[in-house]
Structures are given as C-alpha cells and as structure tokens.
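Participant: The whole structure should be built from the sequences, with the hints applied where relevant.
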Amino acid sequence: MAQLMEDDVLQAFTTYAVIVILKMMLMAPLTSYHRFSGGAFANEEDVALKSAEDKKKFLRSHPDVERVRRCHQNDLENIIPFVVIGLLYALTGPDLSHALLHFRVFAGSRIFHSFAYLIPLPQPSRALSWMVGMAVTFSMAYSVLNTVLRL
Amino acid sequence: MAQLMEDDVLQAFTTYAVIVILKMMLMAPLTSYHRFSGGAFANEEDVALKSAEDKKKFLRSHPDVERVRRCHQNDLENIIPFVVIGLLYALTGPDLSHALLHFRVFAGSRIFHSFAYLIPLPQPSRALSWMVGMAVTFSMAYSVLNTVLRL
Amino acid sequence: MAQLMEDDVLQAFTTYAVIVILKMMLMAPLTSYHRFSGGAFANEEDVALKSAEDKKKFLRSHPDVERVRRCHQNDLENIIPFVVIGLLYALTGPDLSHALLHFRVFAGSRIFHSFAYLIPLPQPSRALSWMVGMAVTFSMAYSVLNTVLRL
Numbered sequence: 013m014a015q016l017m018e019d020d021v022l023q024a025f026t027t028y029a030v031i032v033i034l035k036m037m038l039m040a041p042l043t044s045y046h047r048f049s050g051g052a053f054a055n056e057e058d059v060a061l062k063s064a065e066d067k068k069k070f071l072r073s074h075p076d077v078e079r080v081r082r083c084h085q086n087d088l089e090n091i092i093p094f095v096v097i098g099l100l101y102a103l104t105g106p107d108l109s110h111a112l113l114h115f116r117v118f119a120g121s122r123i124f125h126s127f128a129y130l131i132p133l134p135q136p137s138r139a140l141s142w143m144v145g146m147a148v149t150f151s152m153a154y155s156v157l158n159t160v161l162r163l
Numbered sequence: 013m014a015q016l017m018e019d020d021v022l023q024a025f026t027t028y029a030v031i032v033i034l035k036m037m038l039m040a041p042l043t044s045y046h047r048f049s050g051g052a053f054a055n056e057e058d059v060a061l062k063s064a065e066d067k068k069k070f071l072r073s074h075p076d077v078e079r080v081r082r083c084h085q086n087d088l089e090n091i092i093p094f095v096v097i098g099l100l101y102a103l104t105g106p107d108l109s110h111a112l113l114h115f116r117v118f119a120g121s122r123i124f125h126s127f128a129y130l131i132p133l134p135q136p137s138r139a140l141s142w143m144v145g146m147a148v149t150f151s152m153a154y155s156v157l158n159t160v161l162r163l
Numbered sequence: 013m014a015q016l017m018e019d020d021v022l023q024a025f026t027t028y029a030v031i032v033i034l035k036m037m038l039m040a041p042l043t044s045y046h047r048f049s050g051g052a053f054a055n056e057e058d059v060a061l062k063s064a065e066d067k068k069k070f071l072r073s074h075p076d077v078e079r080v081r082r083c084h085q086n087d088l089e090n091i092i093p094f095v096v097i098g099l100l101y102a103l104t105g106p107d108l109s110h111a112l113l114h115f116r117v118f119a120g121s122r123i124f125h126s127f128a129y130l131i132p133l134p135q136p137s138r139a140l141s142w143m144v145g146m147a148v149t150f151s152m153a154y155s156v157l158n159t160v161l162r163l
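Chains as they are written, first to last, in our numbering: chain A, 13 to 163; chain B, 13 to 163; chain C, 13 to 163.
Hints are computed from structural coordinates only; laboratory data are not their basis.
Remember, predicted model here, so these are calculated numbers, not experimental data.
Treat the hints loosely; a few may be bogus.
Stretch-level coverage of chain C by chain B, calculated; a stretch enters the list once three of its residues show a Cβ under 8 Å from a Cβ in chain B [claimed, not checked]:
no.	segment
1	20-27
2	34-43
3	57-70
4	80-93
Even glycine gets a Cβ: it sits at the ideal position worked out from N, Cα and C.
Facilitator: Below, the structure written as structure tokens:
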C-alpha cells in the first residue's frame, strides 16, 4: 500500500483534496462566530443560560449566519463531487501536468468563491468561480468515463 | 497503481459512482434555472441590477426552487454514503456480478427518485425509490463489515 | 487489489468509516418518523390522501423534524470530511495504534454528539463533542500534509 502513495498524481490529489476539505470545514467555526456575534441561535439548549426574555430574542435566524450556511452548503455540493471524481481520476493514471492543472484551478476557484460569497463581491464573480469549479469536475468526470466505462 | 484500475469491480464502481455524482451535480444548474424562471433569489448581490422595488420582490423563496433543493439535499444524504461504502465494498473484492447488481439498482433507483421528486409522481413512488437506494447501501455495508471488521 | 484490504490500517478505517456513515444514514428514517408522528410534511404529494383541510395543516415545519435535520446536516458537514481525510491518512501508512486512536475517538465523539443533539443534553456537551470530532479530522489532515505535500 505504501507504493500507492508514491504515485505523483495521487500525492497531488491528496494535497489539494485536504486543502479544499479544510477550507470547507472552516465554514463551521465561521458560522459559530456569526451566531455569537449576531446573537442568533437555532437550539433552545444553546440559550439556556439567558433570561427568559432573551431566549426568545436569540432564537432567530440572522442574515450573516444564513450567508455562511449557504456558502457551506455550496461547498458540500461542489467540493465533495470534486473529491470523489478526483480520486477516481487520479486512479486512472492521468498525466501529472494535466492533473495538477485540474486540481489547482479547482482549489483556486473554490477559495475565490468563498471570498466572493462572504465579502460579498458583486456578481458575476461568485457565479463565475462556481462555474469554473463545476467545469473542472466535469472535465475529470469525462476523462474518467473515457478511460474506464463498464456499465 | 495502474493495476488497481484494471480490477473489474473497481471499474464498474468508478462508472456508476461518476454517473450518480453527475446526476447529483445536475441539481445545481436546475436550481439556478428555477431561480431565474421563478424570480426567486437568496442574496442581495444577485439582484443588484434590479430596481429598488424589484429587489424586495425577488429576494424570496419559491416552491419550485425549494423542491429542487430538497431533491439535491436528499441526493447528498444518499449518494455520498453510497459512494463511500461502495468504494470500500469494491476494495473488499466482491463478485463482479453481485457488485454490478448493487451498482445498477442504486443508480436506477436514484435516477427514478429524481424524476419522482421533480415531476412530481404520486407517492409512494418517491418513498419506494428512496428505500431501494438505502437498501443497496445497507447491503454493501453489511458485506463490508462481514469481510473486514477491525474495531 | 486484494492486497490493499489486507492492510491493518485500511481495515480499521473501513470498519469505522462504515460505522459513522451508517450512523449518519439513520438520521433519515428518524426524520421520517418525526414527520409522521408530528404530522409535518414538506411536499404536497406526501399529503395527497388527506382531506383538503388537513393538507394545509400538515404542510408545515415541526421543531422535532427540524432538530433531526440539523443533526443530519451537522453529520454531513463533519463525517464526510472525516471519511475523505481518513482514507487519505490510511493510505499514507500511519502506525496502527495512532490510526485506531483517531478513528475510535472520532466515532465515539459523533455518536455522543447525536445523543447530545437529539435528547437534547445541556450545552456544552454538544459543542464539545463537535470540537473533538473536528480536532481528530484536523490532526489527520496535519499528518497527511506532513507526509505528502505536492503543490
């Protein structure tokens, strides 16, 4: 098995997969931050120490919290398909330079997408960065099905 | 590593995993389509070019958008477990015929599930297709734990 | 390929990955249970057999349903990163004892997290169990990037 991780493409995939998954995981503490700074919680036990009056006030949704949650959801919907298809793509033995191009463009597009969503930048910056990420994953999926197709 | 992808079962898994992930990814452009056709957006920057009056009107939820989003969420909750458990199942070296049966039934059930959710078809068509997909994943999980169990 | 699954660490990863994914999948029938017991559905076709008056009544959200759905979403946001990074971590060939420690603590923290969310237990039990799970995944990510870094 040690031989598997000596493969250049799999090493590159591993690096970028960990980077984009960590980026996605950062959305969770960011949600917590906005829940505390905005005073907007989802569960009664989260406001158990507040006075009865405050409890009602803090059990609400907040635009900043909802924005981070939408960004997190978009990450789930895009980064997980990249990771699954990227791993299978890496196992089909593509050129290292092609593979690195795919992985780098995807990671760059998703990091830019998060800034575009959270600052927020004017459209179509978010839409375009989302499309670039989708295009990378579609390109890898095409390459995989072109190499391995057993229905 | 090239040897790994010469395995029949892994080739079959790769084919069906890419197909169901692509199906899941199609939910995203479908959501966009309904956002534009129904005039229902989630972010202020998405309606920045509209008049002040229209901005309020277009920042809303829409039944068609919410339906696609629920379908997308159900895909995340079912297709990703299939992909994870399916990969581990493929690595335990099952019979090709058993594996193909699992993969084909799952892919069929999820494609049917999307039509049942989005047309929508009368219940219990959606519920049954969801159960078939769950049963396939449970069956593979049972097979994996039966072969490899190291607590 | 059979050789791959003879690796101790990959066997341990497989066992715990299947356990936490199955735990996550159990949230779906639990959501259904609360939808039926609480009479709270999301789709018109789900209440097609009810009388016109009941249809309106049953197309609503319910606190118990929403709580399970938040728990399910939290699983998606935490268990899937664990599975992805855990697989790559297992492929880097760590010590079996280190790997088992990571996998066991993660599985324990997520099972506790579900009870803390659904009973619910007073805070900070849920917050702490969430943090333990995040810490395990970060620790594996650090170990992976320390072994394999090819940008």
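Participant: Determine which of the earlier numbered hints do not hold for this structure and return their numbers in increasing order.
Facilitator: none
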